[in-house]
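Working from the sequences, and respecting the hints, build out all of it.
2 protein chains.
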Amino acid sequence: MKPVKSVEILAVPGIPLVRKDDDLARLIGEGVERSGIVPRGDDVFVLAQKIVSKAEGRMVDLATVEPSAEAIELAGKIQKDPRLVQLILSESVRVVRSRPGVLIVEHRLGFVMANAGVDQSNVASPDEPQRALLLPIDPDGSAARLRERLWSRFGVPVAVIINDSFGRAWRRGTCSVAIGAAGLPSLMDLRGMPDLFGRELQVSITGHADEIAAAASLVMGQGAEGLPVVIVRGLTWRGTDNTASELVRPAAEDMFR
Amino acid sequence: MKPVKSVEILAVPGIPLVRKDDDLARLIGEGVERSGIVPRGDDVFVLAQKIVSKAEGRMVDLATVEPSAEAIELAGKIQKDPRLVQLILSESVRVVRSRPGVLIVEHRLGFVMANAGVDQSNVASPDEPQRALLLPIDPDGSAARLRERLWSRFGVPVAVIINDSFGRAWRRGTCSVAIGAAGLPSLMDLRGMPDLFGRELQVSITGHADEIAAAASLVMGQGAEGLPVVIVRGLTWRGTDNTASELVRPAAEDMFR
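Chains as they are written, first to last, in the numbering used here: chain A, 20 to 276; chain B, 20 to 276.
Calculated directly from the structure, the hints in this document are not laboratory data.
All clues given are correct.
To give an idea of the chain B side of the interface with chain A (calculated C-beta under 8 Å), a few residues:
| id | residue |
| --- | --- |
| 1 | A30 |
| 2 | W189 |
| 3 | R191 |
| 4 | S195 |
| 5 | E265 |
| 6 | R268 |
Please read these numbers as outputs of a predicted model, since none were measured by experiment.
All C-beta atoms, glycine included, are put in the ideal place defined by N, C-alpha and C.
This is how it looks when you write it as structure tokens:
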């Protein structure tokens with residue numbers, strides 16, 4: 020007797036360091052081909068946010084940032100570099116919480132997250148320590164464009180998720196979520212499906228792309244390992260495709276911001 | 020060239036419906052043996068909360084619940100069954116948010132969650148519609164006991180996670196998290212690990228068991244599928260084991276309750 024259902028999470032080895040204007044779809048395609056992995060139609064390609072941002076030129080030299088009076092004042096309160104705070108504020112629509120060392124904002128895309136996703140690690144060599152990396156301008160759009168390229172290259176309708184590590188309310192430790200997605204239901208509505216006893220399921224809208232993002236993160240690892248492209252294979256889902264923006268709870272229905 | 024790293028998520032088929040006082044470790048062991056899966060030392064057994072709760076007799080007949088005046092008043096405001104609200108309040112230390120249809124509490128174990136995890140779906144046959152299932156009394160303890168039994172049965176030091184679907188602040192859709200764990204670092208501290216360029220990682224404490232819980236949820240599925248036991252194979256981790264209680268952010272450092 021065999022397991023009835025299994026999912027594989029495969030790291031694509033040998034993805035080079037990504038730089039501005041690199042053709043990311045090509046780098047991924049070549050990496051996959053070198054690995055011997057043959058993509059299938061149900062494969063979900065999960066890409067670390069940092070490689071998408073880097074290819075899209077979202078690296079900013081902090082020396083070019085002129086902090087506003089607001090950024091300087093806030094930076095003093097929370098003990099951060101005023102130029103970094105300026106970048107964070109520029110990426111945000113409002114500050115949700117701040118205290119020394121912590122700045123949680125509502126990102127312009129609706130994500131409630133630390134530092135608007137602006138990241139100083141894994142973005143530059145030690146010779147260039149003054150850079151920071153912003154989220155992609157439009158991660159759902161990036162995912163859709165990359166999906167089209169990968170679909171075209173491999174001839175099968177793969178899905179794409181761009182993931183990033185987020186802190187959470189109420190729980191310690193980061194957990195990866197989907198900030199961009201194409202080709203699958205990011206938010207999956209199971210309402211109306213019967214439960215084991217034919218009663219309608221009660222809690223039945225799942226953050227499907229977020230669970231895939233978290234699963235991929237287990238293989239991507241952190242730090243020196245650097246495996247920013249992962250394929251999640253063998254998933255089944257139902258419902259129509261929707262983007263990662265569907266995972267953002269609108270402010271009007273949010274009780275915690 | 021082969022993928023350098025991969026993780027498999029295997030559903031254990033044929034786990035029977037679990038009832039009070041069932042020997043859950045034996046049911047899981049027998050299911051695994053029938054499946055042909057041979058457990059390895061790095062396997063993480065992820066168990067759906069509902070089967071642990073059921074085996075531990077945490078099903079409550081609503082007809083036996085006498086709602087307090089407080090429960091009756093709150094139930095009127097939020098339009099829920101007063102007996103269910105009584106159960107939720109009995110499992111909680113305080114109400115965090117309430118509005119019609121929504122009751123978010125701090126569970127006695129510290130989890131900030133809807134309905135204190137009290138679940139009416141997938142818990143009874145249509146002939147017995149008046150029951151509700153509570154979380155295990157001590158999910159970390161349950162995970163540790165089950166781990167010991169599975170380790171003994173299979174001769175390898177497997178890890179165990181008990182998962183449950185939680186709603187999140189700021190994001191739509193549920194995502195599974197770990198409510199109990201044994202044999203692995205639930206909260207994994209990567210501080211001090213160098214990033215790709217030798218700089219210390221900035222965001223580097225991960226909710227490791229939560230990411231595993233979410234990954235397993237992709238295979239467990241929902242509703243009629245009923246695959247409550249999943250093995251996550253091929254993970255590597257570092258650091259000392261700690262329980263799922265480590266994932267609960269203490270109220271004193273929480274900015275959102």
